[in-house]
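For this one, chain A is given, so just place chain B on it according to the hints.
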Amino acid sequence: MSMSDQLDPAALKKRLKALEAQAKEAQGTIAELKSRDALKTQFLSNISHDLRTPLAAIITHAEILRDGMLGELNTKQRDSVRGIMNGGQQLLDMIDEILTYVRGASDQVKLARTEFSITEVVDQVRLLNQPLAAKKHLTIERLNGDDVPPIYADRDKLKHVLGNLIGNAIKFTPDGGRIWISLSRRGKNGNELLVEVGDTGRGIARDNHELVFREFAQVDASPSRSHHGTGLGLAIARKLVELHGGSIWVESELGKGSRFFFTVPLNGPRE
Amino acid sequence: MAARILIVEDSPLVTDAFRILFTESGYEVDVAATVAEGIERGAANTFDLMLLDLSLPDGSGLEVLEALRERGVPPRATLAMTGYDDPITRRACLDAGCAEVLVKPLRIGDLLRHIERHLA
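So the protein sequences, as listed, match chains A and B.
Residue numbers for the first sequence follow this note's numbering, so the first one is 1 and each next one is one higher.
Residue numbers for the second sequence follow this note's numbering, so the first one is 1 and each next one is one higher.
Rather than coming from a laboratory, the hints here were simulated on the basis of the structure.
Each residue gets a CB set at the ideal place from its N, CA and C atoms; glycine is no exception.
Hints may contain errors.
Here are the computed lysine-lysine pairs in the DSS-like style, where the Cα-Cα straight-line distance is at most 27 Å [claimed, not checked]:
1) A:Lys159 <-> A:Lys136
2) A:Lys159 <-> B:Lys104
3) A:Lys110 <-> B:Lys104
4) A:Lys136 <-> A:Lys256
5) A:Lys110 <-> A:Lys159
6) A:Lys24 <-> A:Lys13
7) B:Lys104 <-> A:Lys40
8) A:Lys188 <-> A:Lys159
9) A:Lys110 <-> A:Lys34
Derived DEER-like restraints, expressed as beta-carbon distance ranges [as the list claims (entries may be wrong)]:
10) A:Arg214 <-> B:Met1: 54 to 62 Å
11) A:Tyr152 <-> B:Glu28: 46 to 54 Å
12) B:Ser11 <-> A:Glu20: 48 to 56 Å
13) B:Met1 <-> A:Leu51: 52 to 60 Å
14) A:Thr29 <-> B:Arg69: 47 to 55 Å
15) A:Pro174 <-> B:Glu100: 41 to 49 Å
16) A:Asp37 <-> B:Glu28: 44 to 52 Å
17) A:Arg214 <-> B:Gly72: 26 to 34 Å
18) B:Lys104 <-> A:Asn86: 15 to 23 Å
This is chain A alone, in the form it adopts within the complex (with noise of 0.2 Å):
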């Protein structure tokens, strides 16, 4: 632009109404994305539903099976049986992962907070998790966190937020390799709870380290990545800290482990 356009006020005018429309359009733009956001969200939320209900229904009829009501079963049709329960298990936690992000994405989610022991949910999640990592010869273990005082925050929550990460450890490291759970206090007068979940395994690339915690994202989304999910459990996860006013985040380097860190306020408010 030359000069002489810039103090010509009749090109100037020209310029502001070019601008003005633009910004109009954007404007469009982001309505029409927001809208599409949400009919998205509300398609995700019809579905989990919907497949619920038939998958409940066959985990019925196994587990009625399973338990003999029917005649007693040989060992390989008990097998057979506990494969369907197994397999419905897992889609059902699937589906209730994507209702819990539908919930989150809507803000339909409340906190209801009780003051609890936090190292005994770690050591629950712990032990619920332990078969898993006994298959590929994992350890979990909590480090320290005797002395952490109560928290006051959503018990339910926090054990699904622990969850997501300890579940994630497992699925990322390789057999043999090691978990750890660190509980410690920081912040003004150590009011806030930092949870440390750390694991031997791959590792995440520096670049990726965001890419992670936003819903649907995979590291490795190809259709022959080595593991499946929904990929919204980080993105839960973020959404169930970030509702007790805490942050997460994660250290980690290609080939060297995570830790994943979140904290939460040891204290939240009263109703």
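Just chain B now, with coordinates in the frame of chain A:
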């Protein structure tokens, strides 16, 4: 005499599975798929227990219980079934007279235990 259970649920896949489960456990079973059917079946027979899904094609499952109570023929116990455990839904069910709110998906062992407890 065998205890009678009324299942009010719109998915035939679920009611088929429950019918087998309850029949094999020694109960008599009847099924309704809508609010209207639930009221009709519930009023026509005396039931010891009603298993009530909250979202039905023609309204809320709680309307069935309300109508049966108004007619003076509620089942001895009503157990509500919901896919989402939130405090508001739970409150609404208990206020409407449900004895318990069960969160789907239900494990058969848990479900049978709840039913036995309420029929005892």
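Problem - Hint consistency between Lys159 of chain A and Lys104 of chain B [alpha-carbon to alpha-carbon, up to 27 Å] - result: OK: Lys159 of chain A and Lys104 of chain B at ~20 Å, within 27 Å.
Exercise for the section: Would you mind confirming whether the straight-line C-alpha gap from Lys110 of chain A to Lys159 of chain A stays at or under 27 Å? Expected result: Holds, because 15 Å separates the two Cα atoms, which is no more than 27 Å.
Exercise for the section: Measure nothing beyond the straight line between the CA atoms of Lys104 of chain B and Lys40 of chain A; if it is 27 Å or shorter, mark the hint as holding. Expected result: holds, 24 Å
Problem - Given hint Lys256 of chain A paired with Lys136 of chain A - CA-CA distance at most 27 Å - result: Within the cut-off at roughly 18 Å; holds.
Practice task
For Ser11 of chain B and Glu20 of chain A, compare the CB-CB distance with the range 48 to 56 Å and indicate the outcome.
Solution key: Given a distance of about 54 Å, which is inside 48 to 56 Å, the answer is holds.
Exercise for the section: Mind checking the alpha carbons of Lys159 of chain A and Lys136 of chain A for me, to see if they're no more than 27 Å apart? Expected result: Within the cut-off at roughly 23 Å; holds.
Exercise for the section: May I ask you to test the hint 47 to 55 Å on the CB atoms belonging to Thr29 of chain A and Arg69 of chain B? Expected result: For Arg69 of chain B against Thr29 of chain A, whose Cβ atoms are near 54 Å apart, the range 47 to 55 Å holds.
Problem - Verdict for Met1 of chain B, Leu51 of chain A (Cβ pair) under range 52 to 60 Å - result: Violated, at about 39 Å.
Problem - Proposed proximity, Lys104 of chain B with Lys110 of chain A (alpha carbon, max 27 Å) - result: holds, 20 Å
Problem - Outcome for the supplied range 41 to 49 Å, where the beta carbon pair is Pro174 of chain A and Glu100 of chain B - result: 45 Å Cβ-Cβ, so the 41 to 49 Å window holds.
Problem - Proposed proximity, Lys34 of chain A with Lys110 of chain A (alpha carbon, max 27 Å) - result: holds, 23 Å
Practice task
With 46 to 54 Å as the target window, see if Tyr152 of chain A and Glu28 of chain B comply at their CB atoms.
Solution key: For Glu28 of chain B against Tyr152 of chain A, whose Cβ atoms are near 49 Å apart, the range 46 to 54 Å holds.
Hints 13, 17, counting from the list given before, are not met by this structure.
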